[in-house]
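Participant: So the sequences go chain by chain: B and G. Under numbering that gives the first Met the number 0, the residue at position 300 of the first sequence is numbered 299, and the numbers go up by one with no gaps. Under numbering that gives the first Met the number 0, the residue at position 263 of the second sequence is numbered 262, and the numbers go up by one with no gaps.
Read the hints as simulated data drawn from the structure, not as lab findings. By construction, the Cβ of each residue, glycine as well, lies at the ideal position given by its N, Cα and C atoms.
Subject to a maximum C-alpha distance of 30 Å in a straight line, what follows is the list of computed DSBU-like cross-link-like pairs (lysine-lysine):
1. B/K56 to G/K113
2. G/K156 to B/K56
3. G/K113 to B/K314
4. G/K156 to G/K123
5. G/K156 to G/K143
6. G/K130 to B/K314
7. G/K104 to B/K56
8. G/K130 to G/K140
9. G/K140 to B/K56
Just some of the chain G residues that point at chain B, by a computed CB distance under 10 Å:
10. V17
11. C29
12. L33
13. M199
14. V277
Output of the computed footprint for chain B on chain G, the stretches with three or more beta carbons under 8 Å from beta carbons of chain B:
15. 130-138
16. 142-156
So you can see what is in the structure, the chains are spelled out below.
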Amino acid sequence: MHLKKKGKALLTASVVLLTATLLLLGAMYGFWRSFDSSSVETDCLVVYTPHPIEFVKPLVEEFEGRTHIKVKIISGGTGKMTEQLDAGQSIDVMWGGSYFSVAPYFDMFADYRSINEADYLPVNRNTEGNMTRFSDVPSILMVNSDLIGDIEIKGYEDLLNPALKGKIAFANPSRSSSSFEHLINMLYAMGQGNPEAGWDYVKRLCENIGDNLLDSSSEVYNGVTAGKYLVGLTFEEAAVTLRNDGAHIQIIYMQEGVVSTPDGIYLLKGAAHPDEARAFIDFLSGYDAQYLMTQRLGRRSVREDLQQVNDVPEKSELNIIYPDPQEVLQNREDWITRFSEIYKGGLS
Amino acid sequence: MKKSNTSSFQDNIRYMVVVYSLVPVFIVTCMSLLLVVFLWNYTITQQNVKYNDNISQQLSTMYSTYSDALTQMTSYSAEDSKTVFPDTQQLYEVLYQLKNQGEYKNSFYILDSKQGQLFTYGTKEADHLTKPEYFDWGIMKKLKESPGEISTCLQDKKLYIGLLQQFNQQSYYYVFVISASDLQASLSLNSRSLILADSMGWIWYSNTNAFRDNLSRYEYYTLEKNTFTNYNGNRYYITQNTLRDMDINVITLADTENSHTIIMLIFITSVAIFLSIVLITFFSSKKMAVEYTRDIDDIAEAFEQVQNGNLDIKLYTQSSKEFQTIGKDFNYMVDGLKQQIAQNREMAENVAFAQVKQLESQFNPHFLFNTLDNIRFMTKIDIDAADKMIVSLSRLLRYSIRDARDELTVEEDLDNLQSYFNILQIRFNKRFSYDIDIQPSIMQCLIPKLLIQPLIENAVKYGFSGQETLHVSIRGYQQNNHLIFECQDNGAGMSQELLQELQSQLSQENNTSSHMGLHNIHRRIQLMYKEDFGMNIASQQGVGTTIILTMPCKK
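Whole structure, please, built from the sequences with the hints as guidance.
Facilitator: This is the structure:
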């Protein structure tokens with residue numbers, strides 16, 4: 000064989016072998032990569048909620064079963080929703096967040112009146128246009144009934160009892176929205192309607208709390224249930240749920256006054272699934288869902304026809320007080336800072 | 000060896016080894032890998048699909064059994080319009096039949112319009128059926144929406160299969176509740192990963208935590224029927240089948256992570272082995288080719304040597320029988336060739352010698368006759384001259400017969416030449432003159448005898464024609480390593496045709512012309528000293544002739 004010819008043949012052979020090897024490698028790589036399909040992103044209603052998963056589960060299950068609209072739940076604190084939006088997450092519905100805590104986002108919510116507005120308590124109706132009330136959440140005091148002994152607790156004033164020093168669970172209002180609700184509650188209740196007059200009480204309460212200011216609302220109710228604290232400042236749903244689960248606790252509605260701020264369901268402007276979102280709001284504000292919520296999920300309904308079905312005292316039995324929403328919204332940051340200063344001052 | 004054009008035997012051998020060993024190895028490797036992947040893929044997918052079919056089949060059978068049971072129960076009450084609901088004994092018969100024949104485990108309830116429990120079998124607690132908040136929720140709502148039809152609903156990890164019978168303006172809810180543990184007892188399952196979920200992904204039964212979203216729903220519910228996918232870095236093969244009657248998806252998962260890793264290991268190992276084979280073959284083939292073709296190289300080298308004239312080469316090839324024979328025969332052949340060449344040379348030398356002897360012996364009888372005739376006259380006219388001629392002639396004769404050696408010195412030859420000139424001088428008297436100019440340095444050089452004399456003879460023979468006097472001059476000198484003798488006369492010269500004829504005859508081996516003498520000299524020089532040496536003739540009619548002899552300078 001001619002050398003040049005043979006050289007060519009050798010070259011061809013090696014090129015063919017190399018190509019075949021590369022092809023095989025490529026095939027193997029493709030085979031390998033074929034597994035790496037990322038999780039399937041389905042077209043579904045995206046709901047952002049600060050509610051616990053166990054709370055939303057039965058409601059979402061029933062909604063999906065009825066409408067066959069798939070719901071994707073994104074859990075997170077009320078204040079963190081904008082982070083999700085900034086990260087490119089599309090959100091259709093914000094489910095939860097009290098009037099005061101969602102105030103900064105009001106501009107982001109679209110107007111929608113659910114089909115159930117007529118059945119709502121007048122005080123809970125959607126006067127703003129973009130805030131459908133979902134549930135009523137009164138602030139309460141939660142007492143460990145096993146450990147409290149004969150210390151009597153009927154309201155805020157009783158928390159100043161020296162016997163409770165270091166045994167009061169309260170979360171930082173800058174971290175926990177339920178604690179902020181309590182702060183508003185005590186300012187208005189102890190100030191007899193004038194929040195400025197309430198700060199003296201806040202100062203004295205801080206002295207009795209000691210250095211136990213907690214980071215989240217769950218630390219409050221879990222701490223009381225576990226016996227680390229005798230009394231906690233928290234919200235009704237948490238206490239009712241724990242009591243239904245068998246925890247030995249007592250729910251005290253402050254005799255000085257109870258603020259009960261409803262939370263809402265909000266349709267976001269520019270939602271990708273507006274029709275599905277409206278169906279979701281209608282479902283959650285409807286009788287069935289609200290009824291189940293009062294019976295199973297520990298929350299008060301916002302509907303007029305479901306005021307007497309709870310195993311909690313009716314609102315009319317409580318000393319409900321109404322803070323001035325404008326005043327609260329204006330002073331929100333100021334009050335949180337002021338609380339922090341008082342708390343730190345009490346420590347030093 | 001002309002390596003530039005033709006590849007060597009060694010290269011060919013190597014090429015063969017590389018091509019014929021690597022290509023099959025490569026093909027076999029590829030095929031094996033493809034086969035492994037194919038078989039693996041087939042096994043994984045087939046087993047998964049088979050298990051899925053099996054579970055789907057079991058569930059379908061279970062569902063139709065429960066529907067039949069519900070239909071059967073409601074038919075009892077229809078038969079007897081007076082009974083609110085069937086005889087408990089009949090109900091138990093159906094329920095026991097379910098339990099015994101299908102080994103189906105469940106709870107069963109019959110509720111009235113106000114969720115009152117008319118009949119309970121199995122677990123007593125049935126909040127989702129009896130609590131007022133569930134009256135328009137889940138299975139109860141579905142039953143109310145389609146009375147008289149079998150409805151199913153997955154609620155809080157339990158599957159409800161029920162039928163609403165409206166009878167005498169009363170509603171009766173017949174509901175089977177099958178929990179995940181009931182299901183596990185009812186079906187024959189194996190350890191493969193199985194998820195049973197409704198169309199929204201809510202899970203009824205599952206023995207794996209994979210593919211769950213934050214609500215513990217099956218996350219991939221919209222995936223195509225059969226697919227490979229990745230979950231949290233683990234690779235799965237998923238088969239999904241929908242049972243429309245129950246609104247339940249049967250999802251079987253094969254965790255392929257381990258086998259996947261094994262396949263990749265096999266693949267990497269194969270590639271590594273193949274590359275090693277390539278490398279080893281590449282180098283070992285070189286070594287092997289060198290080893291197996293060493294004798295071939297030796298043979299090629301031996302032939303090359305022989306071609307260059309070296310016949311003393313011997314070939315020792317031992318690597319195989321064939322090469323031994325080749326080596327032996329080659330040596331035998333070269334020996335024979337050598338003998339042949341020696342014999343040929345000897346024979347040629349003998350022939351040349353004989354020829355030289357014969358050429359030398361051609362002493363011109365004309366000259367002898369003329370000289371003797373002259374001597375006869377001289378004895379009468381000039382006794383001294385006659386005497387000198389006799390002496391010179393006798394010297395010439397002695398010189399020609401006495402010296403047996405082939406070569407003699409220039410000096411000796413010059414003596415002889417002198418004798419010859421003496422005779423000519425006396426014979427032609429004033430008509431002939433000569434001069435001799437020999438470099439003293441070449442006096443001891445060896446030349447063939449009787450080489451120059453015939454030149455003079457030739458000059459005398461032809462030079463006198465048509466003219467009275469003749470002058471011959473002899474010159475001898477050394478040029479480079481050559482000894483050159485010139486014999487120049489001023490005789491009649493030769494015609495152009497004659498000169499050309501003479502020159503052409505000098506290049507032929509056999510002489511056919513009358514100029515035997517000149518040709519003989521040329522031939523003798525050539526025989527003795529090879530081709531490069533010999534005679535040149537230059538002549539012009541009426542001017543004279545010059546003959547030049549060229550010989551090697553031997554001392």
